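Asks: Protein chains in written order, with this note's numbering: chain A, 1 to 404; chain B, 1 to 171; chain C, 1 to 100.
These aren't lab readings, by the way, just hints derived from the structure by calculation. Treat the hints with care, since some could be wrong.
Under the rule of at most 27 Å between Cα atoms (straight-line distance), these lysine-lysine pairs were calculated in the BS3-like manner [stated by the list, open to error]: (1) B:168 / A:381; (2) A:79 / A:65; (3) B:140 / C:88; (4) A:69 / A:79; (5) A:149 / B:169; (6) A:149 / A:69; (7) A:149 / A:79; (8) B:168 / C:88; (9) A:381 / C:88; (10) A:149 / B:168; (11) A:381 / B:169.
This structure is a prediction, so every number in the text was calculated from the model and none was measured.
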Amino acid sequence: MDFVTQHPVLVVSLIKIAIALFVVMTALAYLTWFERKVVARIQSRWGPYWVGPHGLLQPLADGIKFLFKEDVIPPAADKVTYLLAPFLALALALTTLALIPIGPATISILGQPTQLVISHSPVGLILLFAISSIGVYGVALAGWSSNSKYPLLGGLRSSAQMISYEVSLTLSVVGVLLIAGSLDFYNIVGGQSGHWWHFLPKWHVFPQFLGFICYLTAAIAETNRVPFDLPEAETELVAGFHTEYSSFKFAMFFMAEYGNMITVSCLATLLFLGGWLSPFPETGAWRWQLYLPAAGLIIGGIALIIGGLRSVQWNAKAVFPVLGIICIGVGYLCTWQSVMPVIQGPFWFIAKVFFLLFFYVWARGTLPRFRYDQLMAFGWKFLLPLALINLVGTSLVEVLRLPR
Amino acid sequence: MSVAMLVFFACGVMAVLGAIGLILAREPVHSALSLVLVMVALAVLYLLLGAAFIAAIQILVYAGAVMVLFIFVIMLLNAGVEVRTNLSRLARWVGIPLAIVFLVEMAYAMSREYGARTAMAAGGAAAGPVPASTQALSMKLFTEFVLPFELTSILILIAILGALVLAKKEA
Amino acid sequence: MVPISYYIILSAVLFGLGVVGFVFKRNIITIFMSIELMLNAVNLAFVAFSREFNQLDGMIFVFFVIVVAAAEAAVGLAIIMVVARNRKSLNVEDVNLLKF
Chain A
1 MDFVTQHPVL VVSLIKIAIA LFVVMTALAY LTWFERKVVA RIQSRWGPYW
51 VGPHGLLQPL ADGIKFLFKE DVIPPAADKV TYLLAPFLAL ALALTTLALI
101 PIGPATISIL GQPTQLVISH SPVGLILLFA ISSIGVYGVA LAGWSSNSKY
151 PLLGGLRSSA QMISYEVSLT LSVVGVLLIA GSLDFYNIVG GQSGHWWHFL
201 PKWHVFPQFL GFICYLTAAI AETNRVPFDL PEAETELVAG FHTEYSSFKF
251 AMFFMAEYGN MITVSCLATL LFLGGWLSPF PETGAWRWQL YLPAAGLIIG
301 GIALIIGGLR SVQWNAKAVF PVLGIICIGV GYLCTWQSVM PVIQGPFWFI
351 AKVFFLLFFY VWARGTLPRF RYDQLMAFGW KFLLPLALIN LVGTSLVEVL
401 RLPR
Chain B
1 MSVAMLVFFA CGVMAVLGAI GLILAREPVH SALSLVLVMV ALAVLYLLLG
51 AAFIAAIQIL VYAGAVMVLF IFVIMLLNAG VEVRTNLSRL ARWVGIPLAI
101 VFLVEMAYAM SREYGARTAM AAGGAAAGPV PASTQALSMK LFTEFVLPFE
151 LTSILILIAI LGALVLAKKE A
Chain C
1 MVPISYYIIL SAVLFGLGVV GFVFKRNIIT IFMSIELMLN AVNLAFVAFS
51 REFNQLDGMI FVFFVIVVAA AEAAVGLAII MVVARNRKSL NVEDVNLLKF
């Protein structure tokens with residue numbers, strides 16, 4: 001007990017880490033379900049349907065399957081590196097999330113001033129890039145240590161791709177940094193508050209539209225997703241760098257990929273889409289926007305109840321109304337005066353991240369895969385010059401705007 | 001023992017073990033990984049010294065770019081296990097004595113360093129603490145050191161061209 | 001606070017290990033890595049002194065060292081690729097045409 005009172009920061013951080021880990025792991029699991037459902041809808045299919053109502057327990061079933069599969073270590077593999085690679089990939093993907101704030105700096109929960117971030121750093125952005133830049137080791141080492149042809153080719157491809165696109169990714173962000181003048185996430189988001197002409201939010205996505213496009217494209221390539229998923233192009237390379245991985249080690253690569261998706265979406269939200277800021281002005285006439293989270297939850301709850309009762313699956317009939325009632329209850333909770341201001345930031349943040357994740361899945365359902373030389377040519381000959389033009393233009397405007 | 005001391009010793013041991021691993025490993029990839037360990041440990045030490053920006057750059061450039069390039073080349077060349085041979089005559093008769101001289105010199109300098117250090121540190125502390133913020137760093141970089149900064153950009157350009165010319169297959 | 005001499009000793013040990021690696025390793029790539037290790041050791045000393053004397057110049061120098069090391073790695077690895085292509089080996093003892 002003495003230790004707890006002596007190190008309040010440590011204890012609070014540990015609690016935050018536990019909560020964040022739980023939330024992120026659940027989000028990762030349901031992101032796979034969400035992706036399969038959306039892609040299925042795009043392709044006129046049903047997607048997962050049988051494990052639980054509308055396949056809601058599918059992620060759990062997948063997890064159990066991964067846990068109980070035989071864990072094969074190829075005899076020719078380089079043991080230490082082979083075991084290290086998936087841990088490295090997953091750990092780094094999760095570590096980056098520690099730097100991402102999801103709400104304003106001054107917020108009080110139960111009367112205590114709290115920051116909605118695990119670790120606040122004045123050089124947060126560059127630290128985040130630093131951690132995610134080591135992520136390439138997981139992929140490269142997995143490819144090399146498997147001691148097999150296809151993984152090696154996949155690992156080589158992916159490390160080349162990740163290094164190439166990291167350049168464009170970093171350069172596309174520099175424009176935002178020039179405008180914000182800080183590497184601190186709180187300052188970057190704080191600089192985006194307010195509105196132009198009373199309706200257009202001062203988000204960086206509007207002056208930095210080119211940068212935003214570059215960032216999104218490079219981010220998809222950086223996370224090895226369709227249409228840039230050449231490292232794991234199954235038709236050419238079996239499964240790319242994780243061909244020789246089985247059981248839970250394969251699942252770790254899978255989780256790392258989805259974790260990286262969440263990270264880059266969060267980063268895009270913070271840098272370009274105004275983070276936790278609401279898109280509406282905060283003047284008196286717009287006070288109704290404070291009730292939006294509650295309204296969303298209540299409407300969602302009602303839709304769940306109706307949808308559940310009309311469903312032909314008996315388990316959906318039983319489960320969905322209960323979920324709907326829980327949603328309505330939480331929605332009612334959000335109208336309380338003590339809860340409402342706390343919930344605003346995270347609500348908008350999560351809504352924007354969710355939109356970006358949907359965009360990711362949408363791109364996957366729509367676009368065909370690039371060829372490898374096309375991918376490299378696109379990255380170096382189109383995306384990089386575009387990011388450079390954006391950088392030069394932004395710095396020119398910023399210099400002209402300087403006070404003389 | 002304070003927390004700073006604990007962190008220092010943990011990272012110091014990690015760095016030294018990494019450096020020893022770099023020398024002892026026969027597989028080039030293992031050597032590269034050991035070096036990455038050293039670099040990460042040093043980045044933590046930079047954080048301990050209050051140089052957050054340098055720490056981030058260390059990881060971003062060294063661990064994230066330079067070492068990935070090393071591993072990439074090792075994979076590309078399919079570098080196998082290192083062949084160990086005996087020391088060359090030059091290393092035996094010149095290298096080892098020189099290494100011993102170097103070590104003795106360093107130990108001597110360090111044992112002498114204490115007195116000089118306290119005198120100099122007193123002068124430095126009197127000037128007041130300078131925060132190693134990114135802003136202060138960049139102010140210095142873009143005013144006092146702007147010429148070297150621009151020169152490095154030329155250096156990088158030349159390095160890119162050189163690497164391209166060297167790596168290009170002869171037509 | 002950790003005394004600066006601890007940092008300098010660590011830096012010296014790392015530099016010494018770098019020298020040992022440079023002399024004893026036979027693979028060109030690992031020899032190159034030993035050079036990087038030495039540069040890192042020097043960087044540590046720079047940052048430690050910069051902190052001790054409350055001057056940022058040391059950190060600026062580290063910045064330049066990192067940039068130069070990156071450029072050096074690009075050119076050096078390109079040279080290694082050419083050597084490996086021409087001599088079909090990564091052992092330094094096979095690259096002895098300039099030996100007298």
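Asks: Does the alpha-carbon distance linking residue 79 of chain A and residue 65 of chain A stay inside the 27 Å limit?
Replies: 24 Å, holds
Asks: Between residue 381 of chain A and residue 88 of chain C, does the CA-CA distance stay at or below 27 Å?
Replies: 33 Å, violated
Asks: Check whether the Cα positions of residue 140 of chain B and residue 88 of chain C lie no farther apart than 27 Å.
Replies: 47 Å, violated
Asks: Tell me if the straight-line CA distance from residue 168 of chain B to residue 381 of chain A falls inside 27 Å.
Replies: Judged against 27 Å, a Cα distance of about 18 Å means the pair holds.
Asks: Check the hint pairing residue 149 of chain A with residue 69 of chain A against an upper bound of 27 Å on the C-alpha distance.
Replies: It holds: about 24 Å lies between the C-alpha atoms, which stays within 27 Å.
Asks: Hint check: residue 69 of chain A vs residue 79 of chain A, CA-CA at most 27 Å. Holds or violated?
Replies: 19 Å, holds
Asks: Would you check the hint for residue 149 of chain A and residue 168 of chain B, treating anything up to 27 Å between C-alpha atoms as holding?
Replies: 25 Å, holds
Asks: Between residue 149 of chain A and residue 79 of chain A, does the CA-CA distance stay at or below 27 Å?
Replies: It holds: about 17 Å lies between the C-alpha atoms, which stays within 27 Å.
Asks: Does residue 88 of chain C lie within 27 Å of residue 168 of chain B when you go C-alpha to C-alpha?
Replies: 17 Å, holds
Asks: Take the C-alpha atoms of residue 149 of chain A and residue 169 of chain B, compute the straight-line distance between them, and say whether it is at most 27 Å.
Replies: Answer holds: residue 149 of chain A to residue 169 of chain B is near 24 Å, not above 27 Å.
Asks: Is it true that the CA of residue 381 of chain A sits at most 27 Å from the CA of residue 169 of chain B?
Replies: Holds: residue 381 of chain A and residue 169 of chain B sit about 20 Å apart, inside 27 Å.
The structure does not agree with the numbered hints 3 and 9 stated previously, though it agrees with the rest.
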